[in-house]
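> What follows is each chain in one-letter form.
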Amino acid sequence: MTAGPRYEVIIGLEVHVELKTRTKLFCGCENRFGAPPNTLTCPVCLGLPGVLPVLNREAVAMAARAGLALGCTVREHSRFDRKQYFYPDLPKGYQISQYDHPLCEHGQLRLYDGQGQYRKTVRIRRIHLEEDAGKLNHLGERLSDATGSLVDLNRAGVPLIEIVSEPDLRSGEEARWYLNALRATLAYLDVSDLRMEEGSMRCDANISLRPLDFTGSLADLPRVEVKNLNSVRNVERAIEYEVRRQAAQLSQGLGIERETRGFDDASGRTYSQRSKEEAHDYRYFPEPDLPPLVLTTEQITAWRDSLPSLPDAVREDLTAAGIDPRTVEVVVQDPAAVAYLWAAAQDYGRAEAVANWMLADLARLLNAHRRSYRDCPVPPAELANLLRLIDRGTLSGRMAKEVLEVMFVKGVTAEAAVAQLGVSQISDVDHLRPVVEAVIAEQPKVVADWRAGKEKAIGFLVGQVMKRTAGQANPELVNRLLREVLARQAHPLP
Amino acid sequence: MEILDLGARALAEAVQSGALSATAVLEAYWAHIQATEPQVRAFLHLDVERARARALAIDQAPSHLRRTWPLAGVPVAVKDNIVTEGMPTTAGSRILEGWRSPYTATVVARLEAAGAVVLGKTNLDEFAMGSSTEYSAYHPTVNPWDPKRVPGGSSGGSAAAVAAGMAAVALGSDTGGSIRQPAAYCGVVGLKPTYGRVSRYGLIAFASSLDQIGPIARSVEDAALALGVLAGLDPKDATSVPEPVPDYVAAIDELPSAVRIGVPEEYFGEGIDPAVREVVSAALRRMEAQGATLVPIPMPHTAYAIAAYYLIAPAEASSNLARYDGIRFGFRAGAPDLVRLYEETRARGFGVEVKRRILLGTHVLSAGYYDAYYLQAQRVRTLIRGDFERAFQVVDVVATPTTPDLPFPLGSRSEDPLRMYLSDVFTVTANLAGLPAVSVPAGFVDGLPVGLQLIGPAFSEAELLRTARLVERVAPRMRWPWQQGREGAEAR
Numbered sequence: 000m001t002a003g004p005r006y007e008v009i010i011g012l013e014v015h016v017e018l019k020t021r022t023k024l025f026c027g028c029e030n031r032f033g034a035p036p037n038t039l040t041c042p043v044c045l046g047l048p049g050v051l052p053v054l055n056r057e058a059v060a061m062a063a064r065a066g067l068a069l070g071c072t073v074r075e076h077s078r079f080d081r082k083q084y085f086y087p088d089l090p091k092g093y094q095i096s097q098y099d100h101p102l103c104e105h106g107q108l109r110l111y112d113g114q115g116q117y118r119k120t121v122r123i124r125r126i127h128l129e130e131d132a133g134k135l136n137h138l139g140e141r142l143s144d145a146t147g148s149l150v151d152l153n154r155a156g157v158p159l160i161e162i163v164s165e166p167d168l169r170s171g172e173e174a175r176w177y178l179n180a181l182r183a184t185l186a187y188l189d190v191s192d193l194r195m196e197e198g199s200m201r202c203d204a205n206i207s208l209r210p211l212d213f214t215g216s217l218a219d220l221p222r223v224e225v226k227n228l229n230s231v232r233n234v235e236r237a238i239e240y241e242v243r244r245q246a247a248q249l250s251q252g253l254g255i256e257r258e259t260r261g262f263d264d265a266s267g268r269t270y271s272q273r274s275k276e277e278a279h280d281y282r283y284f285p286e287p288d289l290p291p292l293v294l295t296t297e298q299i300t301a302w303r304d305s306l307p308s309l310p311d312a313v314r315e316d317l318t319a320a321g322i323d324p325r326t327v328e329v330v331v332q333d334p335a336a337v338a339y340l341w342a343a344a345q346d347y348g349r350a351e352a353v354a355n356w357m358l359a360d361l362a363r364l365l366n367a368h369r370r371s372y373r374d375c376p377v378p379p380a381e382l383a384n385l386l387r388l389i390d391r392g393t394l395s396g397r398m399a400k401e402v403l404e405v406m407f408v409k410g411v412t413a414e415a416a417v418a419q420l421g422v423s424q425i426s427d428v429d430h431l432r433p434v435v436e437a438v439i440a441e442q443p444k445v446v447a448d449w450r451a452g453k454e455k456a457i458g459f460l461v462g463q464v465m466k467r468t469a470g471q472a473n474p475e476l477v478n479r480l481l482r483e484v485l486a487r488q489a490h491p492l493p
Numbered sequence: 000m001e002i003l004d005l006g007a008r009a010l011a012e013a014v015q016s017g018a019l020s021a022t023a024v025l026e027a028y029w030a031h032i033q034a035t036e037p038q039v040r041a042f043l044h045l046d047v048e049r050a051r052a053r054a055l056a057i058d059q060a061p062s063h064l065r066r067t068w069p070l071a072g073v074p075v076a077v078k079d080n081i082v083t084e085g086m087p088t089t090a091g092s093r094i095l096e097g098w099r100s101p102y103t104a105t106v107v108a109r110l111e112a113a114g115a116v117v118l119g120k121t122n123l124d125e126f127a128m129g130s131s132t133e134y135s136a137y138h139p140t141v142n143p144w145d146p147k148r149v150p151g152g153s154s155g156g157s158a159a160a161v162a163a164g165m166a167a168v169a170l171g172s173d174t175g176g177s178i179r180q181p182a183a184y185c186g187v188v189g190l191k192p193t194y195g196r197v198s199r200y201g202l203i204a205f206a207s208s209l210d211q212i213g214p215i216a217r218s219v220e221d222a223a224l225a226l227g228v229l230a231g232l233d234p235k236d237a238t239s240v241p242e243p244v245p246d247y248v249a250a251i252d253e254l255p256s257a258v259r260i261g262v263p264e265e266y267f268g269e270g271i272d273p274a275v276r277e278v279v280s281a282a283l284r285r286m287e288a289q290g291a292t293l294v295p296i297p298m299p300h301t302a303y304a305i306a307a308y309y310l311i312a313p314a315e316a317s318s319n320l321a322r323y324d325g326i327r328f329g330f331r332a333g334a335p336d337l338v339r340l341y342e343e344t345r346a347r348g349f350g351v352e353v354k355r356r357i358l359l360g361t362h363v364l365s366a367g368y369y370d371a372y373y374l375q376a377q378r379v380r381t382l383i384r385g386d387f388e389r390a391f392q393v394v395d396v397v398a399t400p401t402t403p404d405l406p407f408p409l410g411s412r413s414e415d416p417l418r419m420y421l422s423d424v425f426t427v428t429a430n431l432a433g434l435p436a437v438s439v440p441a442g443f444v445d446g447l448p449v450g451l452q453l454i455g456p457a458f459s460e461a462e463l464l465r466t467a468r469l470v471e472r473v474a475p476r477m478r479w480p481w482q483q484g485r486e487g488a489e490a491r
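From first to last, the protein sequence lines stand for chains A and B.
Each residue of the first sequence is one higher than the one before, counting from 0 in numbering that gives the first Met the number 0.
Each residue of the second sequence is one higher than the one before, counting from 0 in numbering that gives the first Met the number 0.
In case anyone wonders, no lab produced these hints; they're calculated from the structure.
Don't take every hint at face value.
Stated by the list, open to error - A few chain A residues facing chain B, derived, Cβ under 10 Å: (1) F25; (2) C41; (3) L47; (4) R81; (5) Y84; (6) F85; (7) Y281.
We treat Cβ as the ideally placed atom computed from N, Cα and C, and that holds for glycine.
Based on the provided sequences and hints, a complete structural model is requested.
Below, the structure written as structure tokens:
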């Protein structure tokens, strides 16, 4: 390639997020992941003849609150439409979605990098509410040699919001920041499980390269859509691959074809799925079975007023509490971690120490045991207790790590864990003094060496005391006591 | 008194009081059905055992309960595009042959809760698409007044069953006239309620924004009785309306004294059989003599109604019928891959008229055509609604012939879809505007019934039925087909 890029990367993301309502979007079936196939179904979500959809108000509230949290305008009048295509996982032959009157429009999201540095603001075009399709399980090793397919409609009718960004992103890295910021905001609202691996959050990326001399509308650029990316990492990888591929095409003087592509996790490559010629005509038209969705100004205001503290505000608070920006950037992603941090910090006093322990040791334990701050076996007050034990000298930092693990695994208090491990650091002067005196009495030669000016000899004496206390004495205290006793022996009190 | 000669209200009162048992009523009907059905062929499915069990349950119920059931022991028939648990539901299509719904439509549940005894499922044009019941995938139904002629459609089986005395009341569905046109052809009363008045939950959708379930009965009074049972908000149908349900039977007790009847000349002009026009005009003149005022009103957008209807209805139908794909229920053709499975299932499962409308509707909604067809048709719909709104500022009700013609001979139009479509010309406007409309027998031409249609403002069913009773009052007396040749028997 010649020096410098001759194009600009243009990326827009479409993110589907499953809402964790109690029931599905248009029927009373339970909305839950992991049940045996087709057990969470009824005539409505099976699309049987004669059924009608009834809108779930909880889903509307969740979608509207998501929109408000993302800075969107919530329409007082929106509408549902039918998006039509044939596929076995789509029971009615159409998906009830929102086409030209979406629930939310015109939002924005601020992006921060891993250093906690603000980078840019990405506009959100729209957020609409729609139903999910079911799932096909293909029999056989691969789709190409599948001997049959089984349809599971548990997921059919689960409420989704689709969040469509403007084409404001310029790299895979920015896409990662965007997804992190989006996920954090939605996590604070508690409207979704946000698990990309389980499909409760899914991402499609629209990627095009704009030649620097191209002055037309972005909509006219040939756009490649990479579908069904199942992790933030893969979104980034797919974009990076696709930018390289398209750049290579352009540098060879080849055009970019408008198409839909998939992403292969193993090879890290995208592959063609559907060309423009094969593109669907979805034949959208207004859903006649549902009246227009009308919301009052009061309702929308009430939702706005009840929004929780959101990541941008929390980020400021954490930074103001003296926490390192990189640490802030990790904690801010998880509202449960933030709540935990504030609870422990309030109890203990120093937020930064709490944050450091959370990020280093607690995070490791949570990961290893597949737990989260939501169900952390060590309550914030106990972490505060543990930190106080270190401050008092009862525990060394190294001991505290072991104590924390016991607290976590056995679900016990700091004191109980200390007792179980028998690792309490002996900081009791009355307890240590006789040991110190005994060691001095037993080692007249070493004492004499020290008195003769051999400073290193005191280290040996400390070691002896530690040995007798099975390593639990506070070494600093032992050192101080040794000098005190030796000094008194040299200059006995009258 | 013959049981068969009693109307639904009289039957219900007899069963409520214990003067008749539901079982006796049912057995009288069953004997008559066995004698009549082989000629008329109104039913796709009859289930006398289920009906007997229901009748017995009614007879064994405590009398204080039975007295509260407005349709106690009344034998009813249900159009076969309304789902019923425990009986097949085919919508008149091969694609649903053998399918049994795991749930029951709200209207059927309401009928049964009111003490009605469901006899079976009636024939219809496939997916309610047609005006003669000849597009049933199973068999045609004949007009009880003349077995060489069609009963109308698509609720032809329901209208024929009522006219032939095989059911006291029947359910129909009306998308562009499918209750009123067969009611007119069969000489019975057929009511299409206001859109949203009756739940559509369990009605196999044809065109969702137009479909409405309503009663077909021998008299206005029986239609009023049935509507009172059917009407009301259903939480399972988001388009049903929480409008209070008046006591329709009480509301029609008195005849209207000075009703203002709008007469749109657009409905009496070109294309109408002069004999039909004369029967309807004569009825209107007699109503005038009873104190009604006839007011000529303009309905300038009537001419566009059929065109708009045949864009909107097929568009919605093409979408509603997408679920018949052979994947989850109903007929499935064997095929080597998914696309062929879809193609073969739908090619063999659907009949010619259904395919015609799916093609039409798919085209109407296609990219590049949507604005010119679908949106334009919706604009016409708004204009037609406006025509009625203006009319109802000066009149209480609009009167028209229900159909431009008399029941036509079987087979005479099935090869000419456009001509078939035109027989809906007077009925589609009420669906497009969402208004209640009723067809009432107004007289006969050569022994063939003629219907007069009344259209009223939204949720004016009580007033509409009251005016319909006036039509009934002034219409010439008639004998039902099963009473022909019997001395002294008279329907009313």
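> Each hint should be assessed against the structure and marked as holding or not.
Evaluation of the provided hints:
1. Below 10 Å, beta-carbon pairs count as interface contacts, and A/F25 has one with chain B at about 9 Å; its hint therefore holds.
2. The criterion of a C-beta within 10 Å of any C-beta in chain B is met by A/C41, whose closest approach is roughly 8 Å, and the hint holds.
3. Using the Cβ-Cβ criterion of 10 Å, the hint placing A/L47 at the interface with chain B is satisfied: the shortest such distance is roughly 7 Å.
4. At its closest, the beta carbon of A/R81 sits 6 Å from a beta carbon of chain B; the interface hint therefore holds under the 10 Å criterion.
5. Hint status for A/Y84: holds, given a least beta-carbon distance of 9 Å to chain B, under 10 Å.
6. For A/F85, the suggested interface contact is upheld, since its CB lies about 6 Å from the closest CB of chain B, less than 10 Å.
7. For A/Y281, the shortest C-beta to C-beta distance to chain B is roughly 9 Å, which falls under 10 Å, so the interface hint holds.
The structure shown violates none of the earlier numbered hints.
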